[in-house]
Every structure is written in structure tokens, then in C-alpha cells.
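Generate the whole structure from the sequences, applying the supplied hints.
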Amino acid sequence: MIDKRVASPAAAVADIHDGATVMIGGFGEAGSPIELIHALIDQEARDLTVISNNCGSGEVGLAALLKARRVAKMICSFPRTANSTVFPGLYRSGYTRLELVPQGTLAERIRAGGAGIPAFYTPTAVGTPLGEGKEHRRFGDREYLMEHGLTADFALIKARRADSHGNLVYNRTARNFGPLMAMAGRITIVQASDVVPPGDIDPEAVVTPGIFVDRVVHVPSPAHESELVAAGASYP
Amino acid sequence: MTRAASETGQVLGWTRDEMAARVAQDIPDGSYVNLGIGIPELVARFVPEGRELIYHTENGLLGMGPSPAPGRGDPELINAGKRQVTAIPGASFFHQSDSFAMIRGGHLDLCVLGAMQVSQQGDLANWSTGADDDIPAVGGAMDLVAGVKRIFVVTQHCTRTGEPKLVERCTYPLTGLRVVDRVYTDLAVIDITPAGFRLVEPAPGVDLDLIRARTGAPVLPVAPIPPIALIAERSTDA
Numbered sequence: 001m002i003d004k005r006v007a008s009p010a011a012a013v014a015d016i017h018d019g020a021t022v023m024i025g026g027f028g029e030a031g032s033p034i035e036l037i038h039a040l041i042d043q044e045a046r047d048l049t050v051i052s053n054n055c056g057s058g059e060v061g062l063a064a065l066l067k068a069r070r071v072a073k074m075i076c077s078f079p080r081t082a083n084s085t086v087f088p089g090l091y092r093s094g095y096t097r098l099e100l101v102p103q104g105t106l107a108e109r110i111r112a113g114g115a116g117i118p119a120f121y122t123p124t125a126v127g128t129p130l131g132e133g134k135e136h137r138r139f140g141d142r143e144y145l146m147e148h149g150l151t152a153d154f155a156l157i158k159a160r161r162a163d164s165h166g167n168l169v170y171n172r173t174a175r176n177f178g179p180l181m182a183m184a185g186r187i188t189i190v191q192a193s194d195v196v197p198p199g200d201i202d203p204e205a206v207v208t209p210g211i212f213v214d215r216v217v218h219v220p221s222p223a224h225e226s227e228l229v230a231a232g233a234s235y236p
Numbered sequence: 001m002t003r004a005a006s007e008t009g010q011v012l013g014w015t016r017d018e019m020a021a022r023v024a025q026d027i028p029d030g031s032y033v034n035l036g037i038g039i040p041e042l043v044a045r046f047v048p049e050g051r052e053l054i055y056h057t058e059n060g061l062l063g064m065g066p067s068p069a070p071g072r073g074d075p076e077l078i079n080a081g082k083r084q085v086t087a088i089p090g091a092s093f094f095h096q097s098d099s100f101a102m103i104r105g106g107h108l109d110l111c112v113l114g115a116m117q118v119s120q121q122g123d124l125a126n127w128s129t130g131a132d133d134d135i136p137a138v139g140g141a142m143d144l145v146a147g148v149k150r151i152f153v154v155t156q157h158c159t160r161t162g163e164p165k166l167v168e169r170c171t172y173p174l175t176g177l178r179v180v181d182r183v184y185t186d187l188a189v190i191d192i193t194p195a196g197f198r199l200v201e202p203a204p205g206v207d208l209d210l211i212r213a214r215t216g217a218p219v220l221p222v223a224p225i226p227p228i229a230l231i232a233e234r235s236t237d238a
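One line per chain: the protein sequences are L and S, in this order.
So for the first sequence, this note's numbering puts the first residue at 1; every next one is plus one.
So for the second sequence, this note's numbering puts the first residue at 1; every next one is plus one.
Rather than coming from a laboratory, the hints here were simulated on the basis of the structure.
On a predicted model such as this, the values are computed, not experimentally measured, just so you know.
Ideal Cβ placement from N, Cα and C applies to all residues, glycine included.
Please note that a few of the clues may not be correct.
25 Å max Cα-Cα, derived DMTMM-like pairs, lysine to aspartate or glutamate [as the list claims (entries may be wrong)]:
(1) L:K73 / L:D47
(2) L:K134 / S:D132
(3) S:K149 / S:D74
(4) L:K73 / S:D133
(5) S:K149 / S:D209
(6) L:K73 / S:D134
(7) S:K149 / S:E41
(8) L:K4 / L:E59
(9) S:K149 / L:E44
(10) L:K73 / L:E59
(11) L:K73 / L:D153
(12) L:K4 / L:D153
(13) L:K4 / L:D214
(14) S:K149 / S:E201
(15) S:K149 / S:D181
(16) L:K73 / L:D18
(17) L:K73 / L:D15
(18) L:K73 / S:D132
(19) L:K134 / L:D194
(20) L:K134 / S:D134
(21) S:K149 / L:E59
Here are the simulated distance ranges between beta carbons [as the list claims (entries may be wrong)]:
(22) L:A119 / S:P66: 38 to 46 Å
(23) L:H17 / S:T193: 56 to 64 Å
(24) L:D47 / S:P66: 43 to 51 Å
What follows is the structure in C-alpha cells.
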């Protein structure tokens, strides 16, 4: 019988090891799996490589993971956000390294990794500092550069609804990186506000098919990062 | 925001709202448009009556509407600037790979962006000063300029300290090479042509000599016949 439900965020992230590469969904606070990230902080894995579009805000969620000095390297497109106070210090001190990737290239690298494509050519960043040192090739009358697919040991994702087979539906612009990271994580862990039996999600409406998901945790009322930051919260 | 001033201190040129309104005049009905943060966002307020534009925001929404009424927003319905927005009837949500397929695949008609510098061959610098203590952040800017069919830049003509932003060669790190089609500043509308900057329209009370004095590269006068048909109606053959 297939039942991917796991009892708690702590149980879902228990085997994330030191040195793991972890994809974390979200664009800003939309889609950020805060409860899974907090469970990862409690779990104390360190020396992580984190792949996520931003670096969090305030001292909760992804920013709290960074503040706890668990992240050796960030792969992201936009680490500088309003209320993003933790990352600049870690970056300037050299504690957390940064691989800056254009947002569309980051998305496609994750998609490619999950789809079994080792590398691809893109026109993005040709002629810029982010294109330096990369293999270039001309197709037709235009110059492109090669980018590598990305995979991860674990992917942490937030969904609106999941069934026990791992089929997912998202909430509005919280979808962002979720469907891509679900494909690229060797073990994909989902927190969902609703968890329903198979058949309760219309197959025509499934956004992420369950084959890409390994674990589903029910988090009925997920926190919103902006509300925690406005309240001056910090984790732990 | 202050307007440019002449030698005698007289206020000249377009305000931010007027710059945005001038951009809006040039966007054909039915266009799919991505607006950057800052003055570009203001463009949506000035779309002429009778034109319908569809706004794309690269975090995953086509059919972006205005800000929600106070207390009616959803922290998970935001734009690329991470501010709460609404979705218009007919909107769609999609993941990042689809969103950047729209961008990189040339499906969007127009992108309006801010700039730190634009070169006479259309190179754009708008993401980093390159300073050692700068936290580099690029987001979707490089994908947008590489993929969207037409790129308009809207910016003040000069920096706060009076340095030209329209230059021979950019000194800041590039966002893209030969990507800008047209620049809207407080002083003028200027096209990027194979021969360099060419004046399309000066702001009221501004002449070519003043524009040349505040530009870091040669500026050609208004062409007798515009080099590009700029306000062509969008084809309806689809």
C-alpha cells in the first residue's frame, strides 16, 4: 500500500545529513516551507548546501537556518531582500559562500536536473560577469552558454493540498519552484495544509504527480513569514 | 523626485509619472508585458483608454491586477517585488520553468526596466555596482533582457550626482549585451540604433543641445522618418 504520510515535520526531516544538498521552495515568503525549515534547525544538520531563490527575511524560516550557521553555501538568484538582515553578514565574513544564478537559469537547472538532462544552453547571461568561464556555443546567429542541471539530496516544499500518494496542488504564486524541486530532490518532503485520500484531487487538476513526492506532512495552519517578521519573531 | 534643472535652475523635463505615461503611449493594445520595479511599475496607471494589456510577473502569474484592498490580500499572491497583488479574471498561475519559458522563449511582447547605465549599442547595466561589499543579486533581469521581444528602459537621464546614465560603454557589470531598444528619461525618448543613440522626442522645453550635454555619447537628431514603426497595432491574425 502506498501511503506517504509522515507524522510530523521532525520525523520527515530526521535523516537529512551533515553536508547534504537541500532545495527549499518559495519565492520570498510565498511557498516557503517554514515548518519544515524549523524542524531542520531543530535537527541540527550542518554544512548544508541550500538551493533556494532568496535568503529569507527576519530571523525565521530560511533566514533562521542561515543564522544558526548551518549553511555553507547558498545557490540562489536574489539574496538581498527587504528585511534580509542575516545573509549579508554571513556572506561578508565568508562563512556562507554564494553561487549567484539568474532566476530563469536557476529554474531551468532544477527542471533539467529533475528531468535527467545534465546540461543545456541558454542565451541568459552571455556577455555578463555571470557568464564568464562558462562554455559558449553559437547556434544560428546567436551566442549561448552551457549550464548544468541541479539535483539535491532532499527537497522541502509547501503545497496547499496533498493526497497520501503525494499528488499536489499549490496556492497561487506559492507554486513557483515547488513542481521543479519536487522532481529534482532525491527525497522530496512536502508540507501541505490539507491532506486528503487518493481520489479527492481531480487528476486533471494535479500539478505535481505523486511519483515526484516521497513524504507528506500535514501542517494545517502554516505560519506566514511576513507576519512572523512583523511580530519580531525569531527561531528557535 | 526632483526634475532636471537648467543652468539657471529652471525645472525641466518630465516627472516620474509623466515618464511612465510617455512609455504607456507606446505599448500596443493586446501586449503581454513585464514591468520592472520602480518607475516601470507606474506605467500600468497610464495605459490609454481602450487598450488592454496583460501583465506578467516572473514569480508565476499572468494577468496580474492591482494591489488588494487593505486586509484582503494573500501573502502567497505576490509580484516579483514581493508585494501583494491580485489576479484579474482570466489570470493563470504557473511554475518558474513555465514562467521563464514565456520570457526566454520570446512569448512576451515587452519588458520595461530601470537602469544604472545604458550604452550606445544597447548594453544594459542594472543589477550590481560591482563594489566589493555589494551583495550581488540578479533575479530575473538577465533572463528578461535575453528573451523578451522588446526592451524599454525608463530612467532618470543622469545620476543624482549628475553623471550621464546613457554612455559610450557601461562601466558597471552588464545585465545583457545589445538588448535595449528604447530609453525613456526625464529629458527625452531615445532609440538605440545601429548608429548609436537617436533622439525620438525631447521633453517639453528641452532641446538637443541640452540632451547632448547630459549624455555620455553622441546623440543623433530626430530622424525625418522614424527608423522603426513604433506604435504599430498588434496583429490580430492569431
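Here is what the structure says about each hint:
1. L:K73 / L:D47: OK: K73 of chain L and D47 of chain L at ~8 Å, within 25 Å.
2. L:K134 / S:D132: 22 Å, holds
3. S:K149 / S:D74: 32 Å, violated
4. L:K73 / S:D133: Roughly 18 Å between the alpha carbons, so the hint for K73 of chain L and D133 of chain S holds.
5. S:K149 / S:D209: The hint is violated at about 32 Å.
6. L:K73 / S:D134: 18 Å, holds
7. S:K149 / S:E41: Answer holds: K149 of chain S to E41 of chain S is near 19 Å, not above 25 Å.
8. L:K4 / L:E59: 31 Å, violated
9. S:K149 / L:E44: 47 Å, violated
10. L:K73 / L:E59: Distance of about 18 Å is within 25 Å: holds.
11. L:K73 / L:D153: Holds, at about 15 Å.
12. L:K4 / L:D153: Given that 25 Å is the threshold and the Cα spacing comes to 18 Å, the pair holds.
13. L:K4 / L:D214: Holds: K4 of chain L and D214 of chain L sit about 6 Å apart, inside 25 Å.
14. S:K149 / S:E201: 22 Å, holds
15. S:K149 / S:D181: Judged against 25 Å, a Cα distance of about 10 Å means the pair holds.
16. L:K73 / L:D18: Roughly 13 Å separates the two Cα atoms, so the pair holds.
17. L:K73 / L:D15: Holds - the C-alpha atoms of D15 of chain L and K73 of chain L are around 20 Å apart, at most 25 Å.
18. L:K73 / S:D132: 19 Å, holds
19. L:K134 / L:D194: 44 Å, violated
20. L:K134 / S:D134: 23 Å, holds
21. S:K149 / L:E59: 40 Å, violated
22. L:A119 / S:P66: 38 to 46 Å: 41 Å, holds
23. L:H17 / S:T193: 56 to 64 Å: 57 Å, holds
24. L:D47 / S:P66: 43 to 51 Å: 45 Å, holds
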